[in-house]
Amino acid sequence: MEFEGTETVPVDRAATWDLITDPAVLAACVMGAEEIARVSEDRYEGEIRQRITGIDVALEGEVRIEERDRPEWLRFTGTGTDSRTGSRMDADVTVTLTDEGGSTELAYDVAVTFTGRLATMGSRVLRRQVRANVETYFENLVDRVEARA
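Residues in the sequence shown are numbered consecutively from 40, following the numbering used here.
There's no promise every hint is true.
Said to hold, decoys possible - What follows is a set of in silico ranges between Cβ atoms, one per label pair, in the way DEER data are often shown:
no. : residue 1 : residue 2 : range
1   : D108      : F42       : 18 to 28 Å
2   : S162      : E43       : 13 to 23 Å
3   : G125      : D61       : 26 to 36 Å
4   : T135      : D61       : 15 to 25 Å
5   : T92       : R187      : 19 to 29 Å
6   : D148      : D81       : 29 to 39 Å
7   : E80       : T118      : 13 to 23 Å
8   : D95       : E139      : 35 to 45 Å
Rather than coming from a laboratory, the hints here were simulated on the basis of the structure.
Glycine residues also receive a C-beta, built at the ideal position from the N, C-alpha and C atoms.
Modelling step: build the complete structure from the supplied sequences, incorporating the hints.
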């Protein structure tokens, strides 16, 4: 499943870059994040607990920055596995940051695939929930910036 969208972040592009690569901000903005830790410059590990299509899921995994041109864009991949349900989630995300005179337009393209038990759930329900999680992450990011102002 694929999604795209945009958000306006009310800080400049360099500050937006710093926010989206900060593990504390990631943990605060990702729904259900238990912990996210940076283990190297380009790699994060963590766990996300959510109820997805009626199933309690604990995805343990990592996020890797695959490519970047600071502060214009970055592409990262993420994988998470839930041993209880035998499910796996893979994500490929590209984020582009455009300077908008003191604020930043953040455009995102997200591709997500599931295997295992989660993949057998109704695709419309799963798609709706994943899209809501993606949108909530970016909304939480903007809310966090506005709360600091």
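Status of the hints after comparison with the structure:
Taking 18 to 28 Å as the suggested C-beta distance range, the pair D108 and F42 conforms, at roughly 22 Å. For the hinted restraint 13 to 23 Å between S162 and E43, the CB-CB distance of approximately 18 Å keeps it satisfied. Restraint check, G125 to D61: a C-beta distance of roughly 32 Å satisfies the suggested window 26 to 36 Å. About 18 Å separates the C-beta atoms of T135 and D61, a value consistent with the hinted range of 15 to 25 Å.
Between T92 and R187, the C-beta spacing of about 35 Å breaks the proposed range 19 to 29 Å. Between D148 and D81, the C-beta spacing of about 19 Å breaks the proposed range 29 to 39 Å. For E80 paired with T118, a C-beta distance near 18 Å keeps the hint of 13 to 23 Å intact. Checking the proposed 35 to 45 Å range against D95 and E139 shows it holds: the Cβ atoms sit about 40 Å from each other.
Checked against the numbered hints given earlier, this structure breaks hints 5, 6; the rest are met.
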